[in-house]
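These are the residues of each chain, in order.
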Amino acid sequence: MLDVVNEDLIREGKEPIAFDHDCREGICGMCSAVINGVPHGGFERTTVCQLHMRKFKDGDTLYIEPWRARAFPILRDLVVDRGTLDRLIQAGGYISCHTGGVPDGNALPISKGGADYAMDAAQCIGCGACVAACPNGAAMLFVGAKVAHLAVLPQGQVEAPERVAEMIQAMRDCGFGNCSNHYECEAVCPKGISVKFIAKLNREFLKALILAKTGPFKSSD
Amino acid sequence: MILDGKAPTGPIETTWERHRSDMKLVNPANKRKYRILVVGTGLAGASAAATLGELGYNVEAFCYQDSPRRAHCIAAQGGINAAKNYPNDGDSVFRLFYDTIKGGDFRAREADVWRLAQVSNNIIDQCVAQGVPFARDYGGHLETRSFGGAQVSRTFYARGQTGQQLLLGAYSALSRQIRAGTVKMYPRTEMLDLVVVNGEAKGITLRDLITGEVRCHAGDAVVLCSGGYVNVFHLSTNAMGCSVTAMWKAYKKGAFLANPCYTQVHPTCIPQAGEYQSKLTLMSESLRNDGRCWVPRKREDVGKPPDAIPEDDRDYFLERKYPSYGNLAPRDVASRAVKEQCDDGRGVGPTGRGVYLDFKDAIRRLGEHELRERYGNLFEMYERITDEDAYKVPMRIYPAPHYAMGGLWVDYNLMSNIPGLFVLGEANFSVHGANRLGASALMQGLADGYFVIPYTIADYLARTKPGKVTASHPECRKSIEDVKAQAKRLLSVRGDRSVTDFKRELGNLMWHNCGMLRSNKSLSEALSTIPAIKEEFWQRVRVPGTSAEFNPQLENAGRAADFIEFAELLCRDALHRDESCGGHFRVEHQYEDGEARRNDARFCYSAAWEYKGEGAPPELHKEPLRFEHVHLMVRSYK
Ligand SMILES: Cc1cc2nc3c(=O)[nH]c(=O)nc-3n(C[C@H](O)[C@H](O)[C@H](O)COP(=O)(O)OP(=O)(O)OC[C@H]3O[C@@H](n4cnc5c(N)ncnc54)[C@H](O)[C@@H]3O)c2cc1C
Ligand code: FES
Chain A
381 MLDVVNEDLI REGKEPIAFD HDCREGICGM CSAVINGVPH GGFERTTVCQ
431 LHMRKFKDGD TLYIEPWRAR AFPILRDLVV DRGTLDRLIQ AGGYISCHTG
481 GVPDGNALPI SKGGADYAMD AAQCIGCGAC VAACPNGAAM LFVGAKVAHL
531 AVLPQGQVEA PERVAEMIQA MRDCGFGNCS NHYECEAVCP KGISVKFIAK
581 LNREFLKALI LAKTGPFKSS D
Chain B
400 MILDGKAPTG PIETTWERHR SDMKLVNPAN KRKYRILVVG TGLAGASAAA
450 TLGELGYNVE AFCYQDSPRR AHCIAAQGGI NAAKNYPNDG DSVFRLFYDT
500 IKGGDFRARE ADVWRLAQVS NNIIDQCVAQ GVPFARDYGG HLETRSFGGA
550 QVSRTFYARG QTGQQLLLGA YSALSRQIRA GTVKMYPRTE MLDLVVVNGE
600 AKGITLRDLI TGEVRCHAGD AVVLCSGGYV NVFHLSTNAM GCSVTAMWKA
650 YKKGAFLANP CYTQVHPTCI PQAGEYQSKL TLMSESLRND GRCWVPRKRE
700 DVGKPPDAIP EDDRDYFLER KYPSYGNLAP RDVASRAVKE QCDDGRGVGP
750 TGRGVYLDFK DAIRRLGEHE LRERYGNLFE MYERITDEDA YKVPMRIYPA
800 PHYAMGGLWV DYNLMSNIPG LFVLGEANFS VHGANRLGAS ALMQGLADGY
850 FVIPYTIADY LARTKPGKVT ASHPECRKSI EDVKAQAKRL LSVRGDRSVT
900 DFKRELGNLM WHNCGMLRSN KSLSEALSTI PAIKEEFWQR VRVPGTSAEF
950 NPQLENAGRA ADFIEFAELL CRDALHRDES CGGHFRVEHQ YEDGEARRND
1000 ARFCYSAAWE YKGEGAPPEL HKEPLRFEHV HLMVRSYK
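These protein sequence lines map, in sequence, to chains A and B. Its first residue numbered 381, the first sequence is counted upward by one per residue in the working numbering. Its first residue numbered 400, the second sequence is counted upward by one per residue in the working numbering.
Calculated directly from the structure, the hints in this document are not laboratory data. Warning: the hint list may mix true and false statements.
What the hints assert, rightly or not - Covered, in the sense of this in silico footprint (three residues per stretch, anywhere, with C-beta under 8 Å from a C-beta of chain B), are these stretches of chain A:
hint : segment
1    : 407 to 415
2    : 449 to 459
3    : 500 to 510
4    : 532 to 543
5    : 582 to 592
Glycine included, each C-beta is placed from N, C-alpha and C at the ideal position.
The whole structure should be built from the sequences, with the hints applied where relevant.
Below, the structure is given as structure tokens:
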């Protein structure tokens, strides 16, 4: 839809609207816009790029705005800088394994339930809608999904306490807020990622505390 | 010139081991003195950058998206192949090798394909270790399914989001290296030139997409992992930003571009609905495991609702034409069969360009729940786009451009003819011949990045002194000036037609004249039309804004300009290849039953084109293909 608006604008000699997009099928997480006050427009499990104009009535007015969050500075028009999400992953959202020298894929059986749970969490497309929807600008769902995905797998358990501690510290350093259980994040998540992963994040954090892998947080400001 | 792929001779089973022990190594303490520039951080680029960084090289990586996690491979749905033989159904390295060579219609280099089949197993292990949540059975072991062109079940998957999960695995490995400081990541940058000094690749020139700044980064080697080029067609399954630009700039600096006419059309995409549509959506090939393709047997039944057509009046055309592979015939074969039914006036849906993909029997056999488990997200995606529930009514599908088998020419070391320029993933031409089998692109990207380049790049670097060229080198400065001049030229046209408009015109021409069916006439016509499009582009294109700012229209204009030039080379290659093979179907060359007719006496080679300057025809170099482990034969899936 924005393509059409832009083509018209160009034809009329005006400046087109800058917006992020790439795959156009709801998987790359590039597109980001608040439509009528709701990130991605408020249709269940749908990204902006998958919104069809048939969902709106002829003559409807649409209000389109960029993601708004302290951790996502605006670059231009609808385009924001989500580099902080990458920084969260860099803080520990991985399993430290070298290329090569790993055991056979079937060496460690993983229960189907476990694999399904990991997949439910791993579906996150990293669009940042959860942050944009949160009144506190928190990234708890994003971090929770990654922590849960890796913590449930035997390969990821070795580093689980360090991971959760470091990712939570990074969340604070990057300017994300705290969760106060509004659950707006789950409502707008285009993959329907459940807030149960935030609960898992909290449990993993508690475990890390008990193991003395982390202490009270250093304040970043 | 006769090109040599430099694949070692001798028993193919041990080629790679022998080659590995022959190659030179770089001393661990010296590795960090070498700077490697990795363009693209999809599966190929992210896995390469992470692995090279981990080995201790000084890596810089670039992508045009705002994060490496968004590369186009994220959209891959179906799965990734490996010769694990976990199901005990007769798979082996040889069989994967054989299927890939045959699937590619005998137009790929044997040794490279063998290596791919060999390392395929390491990839699965690697991904599992990274935490990729592959599907598991109730005993906790890895599940597989079948893909086209194979009679074994060797495709590993993570629901319908395999590409996403594999990319996130590679991205996590990359993130770990970024944190460790071995890789420096530059998102939102686009490579717009290759810097060649004394015949070797020593840098790249980029535009920072946010500020518009044009910079040159010098390095000791360049690894190009920029993906494929089928966006040269209007409406493909590729992401909007996929372009030929990185590849084309390298070509213009002397890298050979091989087999550009080998493009793949995927049979199962959601048919086009409106004029303003910007891309087509793929429905994974894995659906053909359980879905059956059919059209009405009689033309008069075409308008009727599908359930009003009795079983006997349905033509399950793939099962009829290819009894031993049935609905799992390879993509090129299946796509042409779909087109044939529609051309025969038996296509369904509002435009008549569609066939049914029906799950009724599978639901009866397995239950709706099981189907949901296997393909839930695909059915959901289908419903979102078409407003139809495929559990109740059959899907409608039609072929769409999907993948580029052609790409920059590379030798067995994945190095192009320009020393120091390596090409990985979809951007190179290496293993898929004239047609790629499903679930093999992800395999290739990760094989190249994790398991091939770490060895072969050392062999090159060990022979060069690090840091020979810096960004203040005259070639770098010249390259910056050239890139700036191109932007200036695009902005100064100030015409009256949008970039999208030109892209659509070119893409439609390519689809109609150089798509699924090609002929001497259609190609000659395209070749005479493209220069006119190019001329008009430079007279009438309108690119708003300036170059010193975030300007997506300027990015697109540059990509479109490259696509226009590239389209000409693609058609030229298609015209020169006067045979049918795989995805390249020349109507003049077919058997009575409509199957592709190769001409091995004349065309058993890879065609690598060399740029000879603006306006001059490119020069053709041939790399002869030798088949010692499989017999050249007519490819049959009957
Ligand atoms: C819808 C769909 C489904 C698919 N499903 C499957 C499947 O099930 N199984 C399978 O095996 N294959 C599948 N494929 C094919 C597979 O996804 C691709 O072949 C694969 O993504 C190629 O990976 P790559 O790393 O080579 O390139 P890409 O993933 O395309 O990555 C290219 C990278 O290069 C960067 N880049 C490009 N140009 C520039 C430039 N000029 N400057 C800087 N950076 C640049 C991009 O930012 C990106 O990081 C599918 C493809 C599609 C479209
Ligand atoms: S453009 Fe990729 S998710 Fe919307």
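Verification of the hints:
1. For the segment 407 to 415 of chain A, the stated coverage by chain B holds: 4 residues have a C-beta nearer than 8 Å to a C-beta of that chain, and at least 3 were required.
2. Evaluation of the coverage hint for the segment 449 to 459 of chain A: fulfilled, as 3 residues show C-beta separations to chain B shorter than 8 Å, against a requirement of three.
3. Residues of the segment 500 to 510 of chain A lying with their CB closer than 8 Å to a CB of chain B number 4, which satisfies the three-residue condition for coverage.
4. Counting residues of the segment 532 to 543 of chain A whose CB lies closer than 8 Å to any CB of chain B gives 3, which reaches the minimum of 3, so the coverage claim holds.
5. Remark: the segment 582 to 592 of chain A is not confirmed as covered by chain B, as 0 of its residues place a Cβ nearer than 8 Å to a Cβ of that chain, below the required three.
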